[in-house]
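Position chain R relative to chain X; hints supplied.
The listed protein sequences derive, respectively, from chains X and R. Going by our numbering, the letters in the first sequence line up with residues 1 to 239, in that order. Going by our numbering, the letters in the second sequence line up with residues 1001 to 1095, in that order.
Read the hints as simulated data drawn from the structure, not as lab findings. Heads up, the beta-carbon is just placed ideally off N, CA and C, and yes, glycines get one too. Among the clues, some could well be false.
[Unchecked claim] Pair by pair, the computed Cβ-Cβ distance ranges are:
id, chain 1, residue 1, chain 2, residue 2, range
1, R, P1056, X, Q134, 14 to 22 Å
2, R, A1059, X, T194, 24 to 32 Å
3, R, L1036, X, T196, 28 to 36 Å
4, X, D130, R, T1084, 45 to 53 Å
5, X, G59, R, E1048, 33 to 41 Å
6, X, A115, R, S1063, 53 to 61 Å
7, R, L1036, X, A237, 33 to 41 Å
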Amino acid sequence: MTATVPMTAALALGDDALVLSHRLGEWAGHAPVLEEEVALANIALDLLGQARVLLSMVGDEDDLAYLREERAFRNLQLVEQPNGDFAHTIARQLYFSTYQHLLYSELAASGGPFAPLAAKAVKEVAYHRDHAEQWTLRLGDGTDESHERMRRACQALWKFTGEPFQPVEGLDAGFSGLETAWLESVGDVLRRATLTLPEGARTGAWSAGAGRQGLHTEPFGRMLAEMQHLHRSHPGAAW
Amino acid sequence: MTNTDWPLWEVFVRSRRGLSHTHAGSLHAPDAEFALRNARDLYTRRGEGVSIWVVPAAAITASSPDEKDPFFEPAADKPYRHPTFYEIPEGVKHL
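Looking at chain X on its own, in the form it has when it is part of the complex (with noise of 0.2 Å):
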């Protein structure tokens, strides 16, 4: 690996991946049915391997994960949201998994310091992707309450659904084509699953998104202080 890895880029990227993982790990126990909590887990398990790759490139791994404070992470402010009901989750997945397997894609052809770890991921993610739209159909054309459960979960999620294409740094990918082909992908699979895209704003004041600068949401301490409190309280700990 070239010493040009962009910090700014890697621990975005990075981050994501790490705290979603932490996310569907939470399912673990929880999950409706065991088929899919094993599913919930092996996307969990996909998005952790390339946290670690990605944290890996720009410092040990295991400081960044579990030693940085809050202010220090830069995920989006999506993937941090709680898990809510399954269909919160999955709207969750459907909005970042798109969004993941377009940039990935691009990073993947693009030659960047990204392109071999991109390469590899793109099809976990292609994965991911379909995974989160098949449920997707079924809940939005599913019963009167799944269908209520997922319009809701969409419109809740739908203000972090611009801060993905705000530029980062070291990031070189066209974010105005991303958003634009993210745009109609989630929507193609909304329509399919009877349902619309919400309305209301992915940007400026009444939209959420500031997690690339170090700011998150409420939830996000709470998490992190269960993802890290092994080890801080046994530093080195290990199996």
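Quick look at chain R alone, frame taken from chain X:
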């Protein structure tokens, strides 16, 4: 776990090209597409397969344990039923 509403599926995995699909286990899923995805997560995450079949467990007709004798215990005094008089050429595998 309230997955009793979901039907049971039997999973068959082909581990390599040239081999046949072998029964790997079973799982619950709401429909065939998800059964395939769940099978991928449960049975092929460590590179165990190149192809998966899922079959609704209800579609399988199984032999009954009561019929074990007439089905599986033919008289053993007919050696010509057993292909033991052939030389197997070298290099023939999976036979």
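The hints, checked one at a time:
1. The hint said 14 to 22 Å for the Cβ distance between R:P1056 and X:Q134, and at roughly 18 Å that hint holds.
2. A hinted range of 24 to 32 Å for the beta carbons of R:A1059 and X:T194 is consistent with their spacing of about 30 Å.
3. For the hinted restraint 28 to 36 Å between R:L1036 and X:T196, the CB-CB distance of approximately 29 Å keeps it satisfied.
4. For X:D130 and R:T1084, the hinted distance range of 45 to 53 Å is satisfied, since their beta carbons lie about 50 Å from each other.
5. A hinted range of 33 to 41 Å holds for the C-beta pair X:G59 and R:E1048, which are about 36 Å apart.
6. The supplied range of 53 to 61 Å is met by X:A115 and R:S1063, whose beta-carbon atoms lie about 55 Å from each other.
7. For R:L1036 and X:A237, the hinted distance range of 33 to 41 Å is satisfied, since their beta carbons lie about 39 Å from each other.
When the structure is compared with the earlier hints, no violation turns up for any of them.
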